[in-house]
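Numbering follows the working numbering, in which position 101 of the sequence shown is assigned residue number 101; successive positions increment by one, without gaps.
Among the clues, some could well be false.
As the list claims (entries may be wrong) - Quick list of simulated restraints, FRET-style, between CB atoms:
(1) Ile71 <-> Pro98: 29 to 35 Å
(2) Arg124 <-> Phe31: 26 to 32 Å
(3) Ala24 <-> Val114: 28 to 34 Å
(4) Glu82 <-> Asp135: 19 to 25 Å
(5) Ile113 <-> Leu56: 26 to 32 Å
(6) Ile113 <-> Gly29: 54 to 60 Å
(7) Arg124 <-> Thr96: 30 to 36 Å
Don't read these hints as lab results, they were simulated from the structure.
Quantities reported herein were computed from a predicted structural model and do not represent experimental measurements.
For glycine and all other residues, C-beta sits at the position ideal for the given N, C-alpha and C.
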Amino acid sequence: MWIMDKNKGMMVIIIVLLLVIVGAMVAGGIFLISNMGNDDPPAIEYQPEPTPPPPLGEADIRVFTLERYIITNLLRSPGGPERIARLELGLGIDDTDPSAATDFMADLRDKEIVIRDIVTEILRRTTNEEASRIDASTLLRDDILIALQRAFGTNMIVAVYLVLYVF
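Turn these sequences into a full structure, and let the hints guide you.
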């Protein structure tokens, strides 16, 4: 009899353990199912790359110029001298819709400090060697154009005109 009581006790313990395991699995399954919809990745603000505008003729471009030139230090190369850049900047604005161009140019005049900041940051990342390259103006134009199109969220800026002096 003693052996039968011992087997019954073991059976009860095994059944209780099985019930606990099954209960834990059911609870885990319910937890997973209830949280499936909450695993959405955080929203990332999508900003599409500006698409190149169609080529415009000279008659379709109005020029916006900064009132003053920009002066800033260039990035110092290791062992190289400190250089200062002076940049005169003009922006070509799409004038196919004259009313929109006028409004946009007024907005640019109000935000000239933003333009100056963006251009200054680009210049400060430019080394003297980069500024002295033959294609430096072209590379700076492209960088400035893309940065301004992104900052203003528009392709109304179609060209960048600049004169760069390095001292």
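Return the numbers of the hints above that this structure violates; sort them in rising order.
When the structure is compared with the hints, numbers 2 and 3 turn out to be violated.
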